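Novice: Next come the chains, spelled out residue by residue.
2 protein chains.
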Amino acid sequence: MSGMVKKNYTRPIDFKNGRIDMGHGAGGRSSAQLIEELFVAAFDNEWLRQGNDGASLSLPAGRLVMATDAHVVSPLFFPGGDIGCLSVHGTINDVAMMGATPLYLSASFILEEGFPLAELKRIIESMAAASREAGVPIVTGDTKVVERGKGDGVFISTTGIGVVAPGIDIDGAYARPGDAILVSGHIGSHGVAIMSQRESLAFETEILSDTAALHGLVAAMLAAVPAVHVLRDPTRGGVATTLNEIAKQSGVGMLLDEAAIPVLPQVEAACEFLGLDPLYVANEGKLLAICAEQDAEQLLAAMRAHPLGADAARIGTVIEDAHGFVQMKTRFGGRRVVDWLSGEQLPRIC
Amino acid sequence: MSGMVKKNYTRPIDFKNGRIDMGHGAGGRSSAQLIEELFVAAFDNEWLRQGNDGASLSLPAGRLVMATDAHVVSPLFFPGGDIGCLSVHGTINDVAMMGATPLYLSASFILEEGFPLAELKRIIESMAAASREAGVPIVTGDTKVVERGKGDGVFISTTGIGVVAPGIDIDGAYARPGDAILVSGHIGSHGVAIMSQRESLAFETEILSDTAALHGLVAAMLAAVPAVHVLRDPTRGGVATTLNEIAKQSGVGMLLDEAAIPVLPQVEAACEFLGLDPLYVANEGKLLAICAEQDAEQLLAAMRAHPLGADAARIGTVIEDAHGFVQMKTRFGGRRVVDWLSGEQLPRIC
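If you read the sequences in order, they're chains P and A.
To convert, take the position in the first sequence, counting from 1, and add 2; that gives the working numbering.
To convert, take the position in the second sequence, counting from 1, and add 2; that gives the working numbering.
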């Protein structure tokens with residue numbers, strides 16, 4: 003994101019009726035103006051103001067964590083959020099799920115020629131607000147423009163770095179038989195919010211995306227139980243796929259209790275209507291935590307004491323299983339295997 | 003890039019005739035298979051094999067640098083390179099231009115439905131080779147798929163982090179009147195290679211992109227002259243735009259000597275044919291360096307001793323100028339102002 007030094011531009015950017023053109027991505031004067039008057043103005047921090055091609059940062063001691071996410075959600079604006087705040091939350095959450103305190107973000111934008119500048123401004127301001135609220139600045143970035151019909155409005159890739167405090171050691175491979183499986187709240191809201199918007203469905207109660215930055219919740223959890231084994235946010239593929247990933251990484255099985263899995267009634271109804279299983283629907287503000295049985299109550303209490311974990315619940319137990327199956331005790335008392343998401347249940351959900 | 007643990011997949015991926023489908027981006031089994039059998043296999047390192055949503059890294063002491071680049075180059079394959087190696091080189095170079103040793107990369111992919119897997123494999127293998135050669139591993143990533151007509155084959159965003167050794171302090175704001183301006187070699191090759199491919203032009207001598215990772219050259223330069231003031235790679239917008247950026251950041255003017263600027267004869271001829279000015283054409287394996295006059299000879303010698311700086315030259319001098327103009331003494335003895343790139347000379351050049 004170079005060229006961010008104050009210059010005098012001959013024409014102001016028309017943020018009301020203007021549109022992205024190829025020149026905004028060519029690296030010249032018009033790129034510099036867009037970056038300065040939109041991105042640097044909104045993200046407003048010392049690193050961007052320096053106008054170098056990268057950011058020079060200071061870090062506390064500790065192991066470093068790096069995570070990245072491409073965001074291609076469609077539609078760009080949805081009930082409860084937009085691609086801007088989502089791209090901040092998603093990457094902060096990936097860093098936090100490694101037990102790290104997220105410190106800095108980078109953002110790269112691929113804009114489609116003809117995209118309305120007013121919408122871009124809304125997205126950037128939403129990103130800036132999410133970054134400010136989370137206390138994680140966007141310190142460097144890049145912007146490219148592709149021709150009309152070669153993109154889809156805006157794609158945003160964000161990368162986050164953070165530091166793990168000494169004594170914290172979290173990994174998808176650390177689930178052990180006997181461990182408790184917790185979820186931080188009601189599942190499925192993000193995916194259903196997107197789908198209802200996409201299908202122009204209006205449900206009686208509006209369903210909002212749960213998009214949120216979870217690093218505050220994680221900090222509260224680790225303060226209460228530093229020995230948490232696994233943290234992961236069940237985004238694409240939902241709780242079912244995420245637990246299958248962890249089961250494979252750890253070489254264990256899992257037994258879930260269907261009745262214990264929190265789903266809002268309106269999300270359950272919408273899922274039925276849309277032919278979706280909430281277990282496979284993406285979340286953007288929920289986490290799964292796995293910890294030793296003796297820590298479960300304390301961890302659950304810490305989660306419930308945080309606004310983003312108020313509806314946390316214990317939903318199952320890690321069991322021995324060389325095949326790494328995730329099973330579920332159904333509401334009717336039977337058992338079924340909860341497999342990986344196999345197809346494309348919800349494309350472009352994040 | 004989660005779900006990278008060995009699983010048994012029912013069908014092998016058809017890397018010869020297969021194509022990207024929406025399921026490859028949905029986060030389920032087919033995403034996991036693509037990541038495991040293509041990305042993790044090619045990039046092959048401990049962090050990706052761990053299969054978490056991020057990478058846990060160790061870092062030597064020093065200031066941290068973070069830089070990011072979105073790559074949307076068209077065509078994806080061009081003489082001398084492809085989007086894969088370009089996306090590795092581009093971000094390594096942004097980190098190196100801050101005076102840092104690049105240590106880790108992340109990569110996020112936006113794939114278009116229907117994109118041939120054989121081409122994706124070529125690109126990933128080129129990235130892997132570039133990363134191996136540079137000694138900078140790709141430690142985490144993400145893959146999304148968009149519908150046919152909503153992308154353009156492959157977009158790759160890479161983010162790099164690195165560490166600045168104590169005593170090194172490089173910044174675009176550090177150019178001082180009297181400083182020497184050096185370039186590491188012939189300019190304009192990347193842009194002309196792309197344009198000739200795009201326009202299906204065949205010149206007598208094939209013009210190859212100069213795409214290369216410059217951190218080795220930078221290390222050699224800083225070993226010789228730790229007090230380098232400014233480093234920057236003249237990518238989009240070329241040498242002219244990059245020098246204008248630095249002039250503004252530092253609040254100085256520049257006086258270039260046209261006769262001293264190295265341009266290969268075939269690049270000069272192609273530029274004439276295409277109506278381009280090599281000063282505005284993107285480079286992907288060149289750098290500009292600015293240092294004190296008394297260090298210039300030693301720095302130039304260090305550059306010339308490195309294979310990527312063999313044709314390095316001194317091209318000008320920093321002068322006092324409150325307006326921050328970049329001027330050039332032309333071959334005919336006149337002077338002209340070298341302005342910023344103002345339009346979209348070469349869209350999607352990187």
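Hints listed in this document are in silico derivations from the structure and should not be mistaken for laboratory results.
Model, not experiment: these values are computed from the prediction.
Be aware that a few hints might be false.
Remember, identical chains collapse to one label, so a pair may be satisfied in a single copy or spanning two.
[As the list claims (entries may be wrong)] Distance condition first, Cα-Cα at most 27 Å in a straight line; then the derived DSSO-like pairs of lysine-lysine:
id, residue 1, residue 2
1, 123, 18
2, 331, 123
3, 152, 18
4, 18, 331
5, 331, 152
6, 123, 152
Novice: So, for every hint listed, does it hold in this structure?
Specialist: Verification of the supplied hints:
{"no.": "1", "hint": "123 / 18", "in the structure": "within (9 Å within a copy, 43 Å between copies)"}
{"no.": "2", "hint": "331 / 123", "in the structure": "neither (48 Å within a copy, 42 Å between copies)"}
{"no.": "3", "hint": "152 / 18", "in the structure": "both (24 Å within a copy, 25 Å between copies)"}
{"no.": "4", "hint": "18 / 331", "in the structure": "neither (54 Å within a copy, 42 Å between copies)"}
{"no.": "5", "hint": "331 / 152", "in the structure": "neither (46 Å within a copy, 41 Å between copies)"}
{"no.": "6", "hint": "123 / 152", "in the structure": "both (21 Å within a copy, 21 Å between copies)"}
In summary, the structure is inconsistent with hints 2, 4 and 5 from the numbered list given earlier, while agreeing with the others.
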